[in-house]
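A.B. asks: Next come the chains, spelled out residue by residue.
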Amino acid sequence: MAVEILREKSRASVPEVTIGATKEEGGTRTHTITVGGDSALPFHHFEGEIKNRPVVALEVQDIVPQWHENLTKYYSDVIDNPGQWAKKCVEEYGADLIYLKLNGAHPDNGNKSVEECVAVVKDVLASVGVPLIIVGCDDEQKDNELLVAVAEATAGENLLFGNAEQTNYKSLTAACMVHKHNIIARSPLDINICKQLNILISEMNLPLSRIIIDPTIGGLGYGIEYAYSILERARLGALQGDKMLSMPVIATVGYESWRTKEATLSEEENPSWGDAEERGILWETTCATALLQAGVNILLMRHPKSVALVKKHIDDLMVSNNY
Amino acid sequence: MALTGLEIYKQLPKKNCGECGPPTCLAFAMSLAGGKASLDSCPYVSDEARATLESAAAPPIAKVIVGAGENSITMGDETELFRHDKKFYHETAITLRVSDALSDEEIVARTQKINDLVFVRVGLEYRVQAIAVENASGDADKFVAAVTTVAKNSGLPLVLISDNPDAIAKAIDIEGVNKPLIYAATNDNYETMTKLAIERNCPLAVKGDNLDDLASLVEKVVALGKKDLVLDPGARSLSRAIADFTQIRRQAIKKKFRPFGYPIIAFTTAEDPLEETAEASAYVSKYASMIVMNTVEKAHILPLLSWRQNLYTDPQVPIRVEEKLHEVGNVTPDSPVYITTNFSLTYYSVEGEVEATKIPSYILAVDTDGLSVLTAYSDGKFEADKIAGVMKKLGLEEKVNHRNIVLPGLVAVLSGKLEEESGWNVIVGPREASAIPAFAKTHFA
Chain W
181 MAVEILREKS RASVPEVTIG ATKEEGGTRT HTITVGGDSA LPFHHFEGEI KNRPVVALEV
241 QDIVPQWHEN LTKYYSDVID NPGQWAKKCV EEYGADLIYL KLNGAHPDNG NKSVEECVAV
301 VKDVLASVGV PLIIVGCDDE QKDNELLVAV AEATAGENLL FGNAEQTNYK SLTAACMVHK
361 HNIIARSPLD INICKQLNIL ISEMNLPLSR IIIDPTIGGL GYGIEYAYSI LERARLGALQ
421 GDKMLSMPVI ATVGYESWRT KEATLSEEEN PSWGDAEERG ILWETTCATA LLQAGVNILL
481 MRHPKSVALV KKHIDDLMVS NNY
Chain V
743 MALTGLEIYK QLPKKNCGEC GPPTCLAFAM SLAGGKASLD SCPYVSDEAR ATLESAAAPP
803 IAKVIVGAGE NSITMGDETE LFRHDKKFYH ETAITLRVSD ALSDEEIVAR TQKINDLVFV
863 RVGLEYRVQA IAVENASGDA DKFVAAVTTV AKNSGLPLVL ISDNPDAIAK AIDIEGVNKP
923 LIYAATNDNY ETMTKLAIER NCPLAVKGDN LDDLASLVEK VVALGKKDLV LDPGARSLSR
983 AIADFTQIRR QAIKKKFRPF GYPIIAFTTA EDPLEETAEA SAYVSKYASM IVMNTVEKAH
1043 ILPLLSWRQN LYTDPQVPIR VEEKLHEVGN VTPDSPVYIT TNFSLTYYSV EGEVEATKIP
1103 SYILAVDTDG LSVLTAYSDG KFEADKIAGV MKKLGLEEKV NHRNIVLPGL VAVLSGKLEE
1163 ESGWNVIVGP REASAIPAFA KTHFA
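Chain order of the listed sequences is W and V.
Going by my numbering, the first sequence opens with residue 181, and the numbers climb by one from there.
Going by my numbering, the second sequence opens with residue 743, and the numbers climb by one from there.
Chain W with its partners taken away, still in its complex shape (with noise of 0.2 Å):
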């Protein structure tokens, strides 16, 4: 018996974003990193195309993070040197992007000045040669300080920077479109916002195809599943048309699952939960693959072994699976 196979006809797809630039595009970078395209909910090739594989973003800090012994056993050689880090999450655990959070810049964390946070994202961009996300210390002054400086030195690199979020977006969207870089548009769990600060952003001409949208992720176990239907819900409205909820989808993984009980608590104080380690790895590694069935398109990750697996998963996932 032949089942008629049910396709979904998209009316739009996600916008193409393109994050690094390389020396004949007038940037530094050996290559460039390209998400979006989709033109179907996630992963259905038989009925549209997906256009780019979803990438993965290790995280590298500026100062030594306070992050569990289980994660900070695999950077210990090369913690305090954000370069040397993240030559290391690219070169051995395959992480497609770094993620370079200026944590040093707040005035909690030492307080570093713009000029030595510069000097940072320069070292690592000699370091490497992937594409670059960067984002400030969440401390708005200072980051809108810093990020402006930061954007101007990396001018023509093309690279992605956060968060410009509702109450506090203008000067990095100013700092983006005079410099030539992309952003990454943050909202509270909530899609109305997440629109609405899509529009704010393109008032200033900054275009689509250089915004990445993080929509706040709950971790697992904590409001994952409102994440979750959130990012459907803008997806299937991004191919219904709706441009302003369309962008390409950052999640910030490796912090919400991190910073959980479940994640790090020893087995020793909880034995029924099991060996931490592998517990630690497979909670970030399923809020990753729960989101990436949602639709996310960069996520940002913390441990090897949860790198590694969420890359395995995504090849068996970018299989086609037409009919």
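Please note that the accuracy of each hint is not assured.
Selected chain W positions facing chain V (Cβ under 7 Å, derived; list incomplete) [claimed, not checked]:
1. M181
2. L186
3. R187
4. S190
5. S193
6. G401
7. W453
8. L462
Within a straight-line C-alpha distance of at most 25 Å, the following computed PhoX-like cross-link-like pairs (lysine-lysine) qualify [claimed, not checked]:
9. W:K441 x V:K1100
10. V:K1123 x V:K1135
11. V:K1135 x W:K189
12. V:K1159 x V:K1100
13. V:K996 x W:K441
14. V:K1183 x W:K322
15. V:K1028 x V:K828
16. W:K492 x V:K1028
17. W:K189 x V:K828
18. V:K1028 x V:K1066
19. W:K189 x V:K996
Reference listing, derived: stretches of chain W covered by chain V, where coverage requires no fewer than 3 residues with Cβ under 8 Å from a Cβ of chain V [said to hold, decoys possible]:
20. 246–258
21. 380–392
22. 405–419
FYI, nobody ran anything at the bench for these hints, they're computed from the structure.
Ideal placement from N, C-alpha and C gives every residue a C-beta, glycine not left out.
Please build the complex by placing chain V on the supplied structure of chain W, with the hints as guidance.
C.D. replies: For chain V alone, coordinates are given in the frame of chain W:
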């Protein structure tokens, strides 16, 4: 797709005899549409009308029950493609495989390990649901022995995996085996397997080589009179499985394509147990009602069960925690007290950050009907007099020596009134939970 009262009315005899209870056929039709009456009460309905009405009223995906008693599993009866449209109803049953090629001791040990896969987190208990005994040896006696051992050592429902109908027939008769899922009817054996499933009244899995093959086979099995089925389209790779499961669900819900109106069973294929867990998580997301897998490690199963729990929550009902004075760490009468709402997402965000402060503390979760801080405030459910009342009701005075409470920064506006109502000193905390560690460092360290 439920029919409206008028659509049902057209099918009724329109005698207005009143023998069904309601005085008129129209009134009866309305009761039927509202699910308050059964068509059986009408003595005059024609067979043709009955068939039309029953098929229109049947759920797009049949409900199938495996096992009996309190451990039985309900699968299927789903109505949505996306959880935000309503909700997903019956959680994916995580089923662990036991091979009959193992020794008896190994089977006992593995069964015990499966029994122990019970987890408590955020006040909920997570469990795996079934054990699949596989006739990997190909030997009927070994299979029967393995099923006997598993049934003796576990109360979980069983899936019996064998292509030998005799082996399955014997296994069903073993004491403690109750309505197992028979896996599977295939092109080669469907007549015998279907007959067996009908005779013993057990649910039956149907395995095709692909979607077309599956649809044909299901029609044949249904024609033989078996209706509680579980579908296996034979996909054994992640991408193919996602596509096939999506097609089955879509065809059932959007087209009411009957051969696909049953729950789906998935099998993991990755050999590495961590990869296997990742693979299974995708099947949880994409419509599997049962997943048969190999790993029985707690550290692997907990993340998977957590994702399943999250996905199957009702998006329209906020999840709540109990209104009480929660303790984080080894609290003393000097420990700080944080106030928040009982919306679980809010509460657990606060709890996680308070835990991160490493300062034992109390968190007072005020019942706001599961609304977050700002929403509850704008809805009048998080007011000064209410908070003061809850503080009193829960006996905060007796728990701590000090008279200081931390109020969420988003409702700083309540602080004056709350001081007045409670007589306590109100410290305005941060607006976001993530700022609690820094806040605690300056105030309580």
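A.B. asks: Does the alpha-carbon distance linking K1028 of chain V and K828 of chain V stay inside the 25 Å limit?
C.D. replies: Given that 25 Å is the threshold and the Cα spacing comes to 16 Å, the pair holds.
A.B. asks: Do the alpha carbons of K1028 of chain V and K1066 of chain V lie within 25 Å of each other, as the hint requires?
C.D. replies: 37 Å, violated
A.B. asks: Close enough to count: is the Cβ of L186 of chain W nearer than 7 Å to one in chain V?
C.D. replies: 5 Å, holds
A.B. asks: Does K828 of chain V lie within 25 Å of K189 of chain W when you go C-alpha to C-alpha?
C.D. replies: 23 Å, holds
A.B. asks: So if I understand the rule, the pair passes when the alpha-carbon distance is 25 Å or less; does K441 of chain W with K1100 of chain V pass?
C.D. replies: 13 Å, holds
A.B. asks: Below or equal to 25 Å on CA atoms is what counts here, so check K1183 of chain V against K322 of chain W.
C.D. replies: The hint holds at about 21 Å.
A.B. asks: CA of K1135 of chain V to CA of K189 of chain W, is that 25 Å or under?
C.D. replies: 57 Å, violated
A.B. asks: Check, residue by residue, whether the region 405–419 of chain W contains three or more positions whose beta-carbon lies closer than 8 Å to a beta-carbon of chain V, and give the verdict.
C.D. replies: Our answer is that it holds, as 7 residues pass the Cβ test (under 8 Å) against chain V, meeting three.
A.B. asks: Checking hints one by one. Is G401 of chain W an interface residue toward chain V, by the C-beta closer than 7 Å rule?
C.D. replies: 5 Å, holds
A.B. asks: Holds or violated: are the alpha carbons of K1159 of chain V and K1100 of chain V at most 25 Å from each other?
C.D. replies: 31 Å, violated
A.B. asks: Below or equal to 25 Å on CA atoms is what counts here, so check K996 of chain V against K441 of chain W.
C.D. replies: 41 Å, violated
A.B. asks: Does the interface hint hold: is M181 of chain W within less than 7 Å of chain V, judged Cβ to Cβ?
C.D. replies: 4 Å, holds
Checked against the numbered hints above, the structure violates hints 3, 4, 5, 11, 12, 13, 18, 20, 21; every other hint is satisfied.
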